[in-house]
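Chains A and B, in that order, give the protein sequences.
The working numbering puts the first residue of the first sequence at 1, with every later residue one more than the last.
The working numbering puts the first residue of the second sequence at 1001, with every later residue one more than the last.
Treat the hints as calculated values from the structure; they're not laboratory data.
You may find that some hints are simply not true.
[To be verified] Ranges of calculated distance between the beta carbons of each label pair, as one might list FRET restraints:
| # | chain 1 | residue 1 | chain 2 | residue 2 | range |
| --- | --- | --- | --- | --- | --- |
| 1 | B | D1168 | A | P124 | 58 to 64 angstroms |
| 2 | A | F4 | B | K1291 | 49 to 55 angstroms |
| 3 | B | T1304 | A | W62 | 52 to 58 angstroms |
| 4 | B | G1186 | A | F4 | 53 to 59 angstroms |
| 5 | A | L176 | B | N1314 | 52 to 58 angstroms |
| 6 | B | E1248 | A | W62 | 37 to 43 angstroms |
| 7 | A | F212 | B | V1163 | 49 to 55 angstroms |
[Claimed, not checked] Here are a few chain B residues that sit away from chain A, every Cβ distance over 12 angstroms (derived from the structure):
| # | residue |
| --- | --- |
| 8 | K1090 |
| 9 | P1094 |
| 10 | A1104 |
| 11 | V1126 |
| 12 | G1196 |
| 13 | F1244 |
| 14 | F1340 |
Glycine included, each C-beta is placed from N, C-alpha and C at the ideal position.
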Amino acid sequence: MLDFVQQLVSGVALGCVYGLIALGFVLVYKATEVVNFAQGDLMMLGGFFAFTFIGMMGLNYWIGFAGAVAAMAAFGMLAERVVVRPILGYPQFSIIMATIGLGYFLRSVAGMIWGTDDLKIETPFSQGVLRMGSLVLAYDKLSVIAATVILCTLLWLFFNKTTLGTAMRASSENMLAAYYMGIPVKRVVSIVWAISAAVATCAGVLLAPITFIHSNVGLVLGLKAFPAAVLGGFGSIPGAVVGGVLIGVIESMAGFYLAEGWKDVAPYLVLLAVLLLKPEGLFGLHVRKKV
Amino acid sequence: MRFLFKTDYEDDIRLFPHSGYVVTYGVLLALLLIAPYVLSSYLMSQLVFVCIYATVGVALLILTGFTGQASLGHAAFLAIGAYTAAYLQKYNVPFPVYFLAAGALTGIVGALVGFPALRLTGIYLVIATISMALIVEEILARWESVTNGNEGMRIKTLSLLGVTVPRDSPTFYFLCLAVLVLTIVGTLNLLRSPTGRAFVAIRDSETAARSMGINVALYKVKSFAISAAITGFAGVLFAHKLSFISPEMFTLQLSIEFIIVILIGGTFSLHGAVLGAIFIVMIDPFLTYLKDDMPGIIAGIAATFGAGPATAGNIQSKVAAFASLNGLKGAIYGIIIVLFVLFEPLGLYGRWLKIKLFFQLFPLYKRATFKRQKIYVKSERNR
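One chain only, chain A, in its complex shape (with noise of 0.2 angstroms):
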C-alpha cells in the first residue's frame, strides 16, 4: 500500500510536468489551431535559461525563475513572429513541419551553447522531505504539483473570465470573424505563444531537480505530453492537466508493477485507446461535423 501511495505521487508529480508542456500545446491550439510541435523544446530552453540566470549568474532562485519566464515570454513571441505568423491560414501539415524544424534548431543550438551534460538547478525545495507516518514526499515533488495546480487555475480564469480571453478563444473559433469584429488577431496569436513559452518554461524550471535539464529533455517530455493532451482533450485547460497526471501516474504504475518496457509503451497504447474509443478526449466539446 504504501509503496502504492509512493508512486501515485512520483507519477503524479510528473504527470503534472506532461501537463504544463500540454498546456502549452492546448493555449496554442485553442488560440490558432496550430499544434507547437517544439513545445517541449521551449521547456528545455527555459530550463537553461533558468540555469544561466541561477546557477551560472548566481541570482536568487525566484528572480532568476521570473527572468527565465520573461526571457522565454519575449522568446515564444519571437519564435511566433518569425516562424509562425507568415504560414497562419495554411494547411495545418505545413505549420505542424515547420514546429518540428524549428524544435530540431532549438535542440542542436542549445546542446552548442550549453553542452550535452546534464545540468542541475539548486532550488530551495531541492532537499527536504515531508513525512507523514511512514510516507516520504519530497518538497521538489510537492512544488510541481502545486504549482500547476496554482497556473492551471489562472489560466483557465483568464481563458473564461477575461476580456483577452475571450477574444483568444473567438480568434480561434474563426479569425476572419473574429478580425470583423475587431480584435486584433495577430497580437492575440502573439500573446498566447508567449503565454505558452512561459508555461514551458515554467514546467522546465519545475522539472529541473527532478530529471536534469539537457538538450533532449525536450523531445522525450514533449511526446509523452502528446498523450497527455490528446486524453485531456485538446483544447481543453482543465483536460491538459488531468490527462497529464493521468499519463504519469499510469506510467509510474506500470513501470512498478509491469514488466520492463511497458513503462516506456503504456502512455501510447492509452493515446491510441483513446483515439479509437473517444477521439475528442475526456474533456473535449462533441463537435457534430457540418456538410
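With chain A fixed as given, assemble chain B onto it according to the hints.
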C-alpha cells in the same frame, strides 16, 4: 511553348504526354546505368541510399501527398521490412521470397494501422502514427527471441539466384534502382487508375469524395497498405545496405527525415520524392566538405581581402571549430525545414516548375501563378 492537343481521356492520362518525356527520361536512365562505372565508390554508396530514400519517399507521397493522410511513422514500416528480411534470412529463405514476404507483412501491418486511422484526421493522425512508431520501436527492442533486442541483427550478404551480391557492388545498385523505377512506374499507373483518382478525391475533400460514391474507409486503408508495403520493400534493401540493423536506427528522427524528403522535394509530384532524397542523402557529404575544406577557403578569401596571416589563421581555426560543432546537422535540418515551409512550400520540384514556366512565358511570367490560398475562415476542428 508546346501545346498538347488532347482528343480523349486516353491522351490525358498517358504516362509520357509527349516525346520529349521519353527522350529526357531515357537519357536520365542511361546516365544512371553507366553511373557505377564512372562515379567513386563513396558516391555510389550515397546513390544507393538515394534510391532507397526515394522509394520510401514515393511510398509516403502516395499516403501523404495524394491521399492527404500525414504519417510520422514510416520508420516503423521500414523497420518491419528490414527485420522480416533479417529473420527469414536466418532460416535460409531465398531473397525473392523474403523480399515479397517483407512487403506483404508490412502491407498487412499498414492496413491494420490504417483501420484506427480512419476516424482520425490532421493532428490526431500525426500523433497516432508517432505512437505507433514508438510502440514498434519498443517491441523491436524487447522481443529478443525474434529481433535479438538492442544487440541488433546482422544481415548476411544478399544472394540472388545463386549469385552473391555484395552491398557495395554495382549489381546491388542496379537492384535498388530497379526497385525504385518499378515503384515509380507502378505508382504512376496507380495514380491514373480509379484507385488513384479516389485517393486524390479523398485528399481534396473527404465529404465530396463520399458523396461521389467513393468508399472512403476502404481507400484510406488501401492507401496505408500500399504505402507501407512499398516501405517494407525499401526496408529489405536498407537492411542489406547497412548489413546490420538495431532498433535505435528506426527512431522518430528517421520518420521525420522521410517527411523532410517529400517536404523538400515537393508533395504534389513523384519527382519530389527523388529530388528530396538526393537532398537529404547529400547533406552528409556536404557537411563533411564543410568541415574539411570550408575553413581553408574562407581564410583564403579573408587573405585576399587584405587580412594578415595571423588574422587569416585565426579565422580558419574559428570556422573549423564552428563547422565541427556537435549538432550542426540538427540545426541545419531545422533551418532547412522552416525555410522550405515558409518560402518554398512546393519544394524543389515546384521551384523547377516555376523556373521552367518563367522561361516558357518569358516576359509574361506572374509570381502569383503559384501563390497559395490562405484560409482563415474555417476551423479544422469543426470540419
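The hints, checked one at a time:
| no. | hint | result |
| --- | --- | --- |
| 1 | D1168/B - P124/A: 58 to 64 angstroms | holds, 60 angstroms |
| 2 | F4/A - K1291/B: 49 to 55 angstroms | holds, 54 angstroms |
| 3 | T1304/B - W62/A: 52 to 58 angstroms | holds, 54 angstroms |
| 4 | G1186/B - F4/A: 53 to 59 angstroms | holds, 56 angstroms |
| 5 | L176/A - N1314/B: 52 to 58 angstroms | holds, 55 angstroms |
| 6 | E1248/B - W62/A: 37 to 43 angstroms | holds, 41 angstroms |
| 7 | F212/A - V1163/B: 49 to 55 angstroms | holds, 54 angstroms |
| 8 | K1090 | holds, 23 angstroms |
| 9 | P1094 | holds, 34 angstroms |
| 10 | A1104 | holds, 24 angstroms |
| 11 | V1126 | violated, 6 angstroms |
| 12 | G1196 | holds, 20 angstroms |
| 13 | F1244 | holds, 22 angstroms |
| 14 | F1340 | violated, 8 angstroms |
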